[in-house]
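Asker: So the sequences go chain by chain: E and Y. Each residue of the first sequence is one higher than the one before, counting from 8 in my numbering. Each residue of the second sequence is one higher than the one before, counting from 8 in my numbering.
Be aware that a few hints might be false.
No copy is singled out in the list; a pair is fine if it fits within one copy or between any two copies.
As the list claims (entries may be wrong) - Calculated pairs, DSBU-like style, for lysine-lysine (alpha carbon to alpha carbon, straight line, at most 35 Å):
id	residue 1	residue 2
1	K91	K149
2	K113	K191
3	K118	K149
4	K86	K208
5	K199	K138
6	K138	K118
7	K91	K138
8	K149	K191
9	K208	K138
10	K208	K149
11	K91	K182
12	K149	K113
13	K138	K200
14	K176	K191
In case anyone wonders, no lab produced these hints; they're calculated from the structure.
Okay, here's what each chain looks like letter by letter:
Protein chains: 2
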Amino acid sequence: MLVLSSPSGAGKTTLSRMLLAAETGLEMSVSVTTRPMRPGEIDGEDYIFVSSEEFNTMRDAGGLLEWALVFDNFYGTPKSLVEKALREGRDVMFDIDWQGAENLTKTDHEKDLVTVFILPPSGDALESRLKGRAQDTPEVVKRRMAGASNEIQHWDDYEYVVINTDVEKSLLELKAILAAERLKRTRRTGLKKFVRGIQAKL
Amino acid sequence: MLVLSSPSGAGKTTLSRMLLAAETGLEMSVSVTTRPMRPGEIDGEDYIFVSSEEFNTMRDAGGLLEWALVFDNFYGTPKSLVEKALREGRDVMFDIDWQGAENLTKTDHEKDLVTVFILPPSGDALESRLKGRAQDTPEVVKRRMAGASNEIQHWDDYEYVVINTDVEKSLLELKAILAAERLKRTRRTGLKKFVRGIQAKL
Chain E
8 MLVLSSPSGA GKTTLSRMLL AAETGLEMSV SVTTRPMRPG EIDGEDYIFV
58 SSEEFNTMRD AGGLLEWALV FDNFYGTPKS LVEKALREGR DVMFDIDWQG
108 AENLTKTDHE KDLVTVFILP PSGDALESRL KGRAQDTPEV VKRRMAGASN
158 EIQHWDDYEY VVINTDVEKS LLELKAILAA ERLKRTRRTG LKKFVRGIQA
208 KL
Chain Y
8 MLVLSSPSGA GKTTLSRMLL AAETGLEMSV SVTTRPMRPG EIDGEDYIFV
58 SSEEFNTMRD AGGLLEWALV FDNFYGTPKS LVEKALREGR DVMFDIDWQG
108 AENLTKTDHE KDLVTVFILP PSGDALESRL KGRAQDTPEV VKRRMAGASN
158 EIQHWDDYEY VVINTDVEKS LLELKAILAA ERLKRTRRTG LKKFVRGIQA
208 KL
């Protein structure tokens, strides 16, 4: 369970898409949310957009691995996709905020988590990304800055830190993290039997 | 502190040399030993060969990070090279046995350790490597098999496991482990200040 968090504007979405395209055996966890769909978003890809009633039903039926209320909207991680993938030996990537990441540490899957915080190359770069397009109202920019400020406070709750100065370099770093984590003894299956086979020859 | 252990015949020496050549900022810790030099070995490269008196003097002066007695010979890790490298931001690789690895976990450097056990691709492959050249006496082969058998018992004390089926693939795996470990928040310096600089812009 590879968790990527970052302030918006640090390039996390681009990186997670690139990693998904580059890696076999890795799939994306798509969160459910009750917040309205924004222009350009795709239902089932960016989020699974549901009503409050649908959200409550999922949650009450134990269908969410974790959930949180953020600015009057509910967000949650559907359990079935994640658990099926893990059972079948595939990895799952999560593009979630610090609250979602923290909630995942409280589930039975804590030992499966690999958490990465992505930082922008500099304050200036982040600022110019967040100020964004000319048509954004000052209020929109202000809210975006506040959100980034809130998110970045939690950088030191994460195990790995990637500074996204160059997207290709950052992609290699994420691939290295994934490759290394897959080599951890505790994440590998069948090793005991394999070693016993070797010992039988000695 | 990247620790590589394996039964002899699994390809550890080849791999550690390749990794050393491929990586900048990584150097080798050369152990001291009181055992006699074998044909083909180079003093100061394979080991630093010393007398028992010299060994005792180093050890009693606190010059060894760890030491052990193995089959009547002393082995130890000189402290100065390791601590200088770490202080200057370089990484150090250790080609040591399970006992050396275990001893390192008891030093002040436990949090710096990254331990990797290298397994041969199969029991047959290891057996044929250990049986080695035709001129080896049965006794030499027997001792070598017993040594490998003893070493492999400790595979599950290590954090990472690399199965050395293909030396190029194993090299990539070791590079990924090193790259990922260098991205761990707790191993990086200057991040707090860097994040404060970003926060100042938000």
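Asker: Which numbered hints does this structure break?
Answerer: 1, 3, 4, 6, 7
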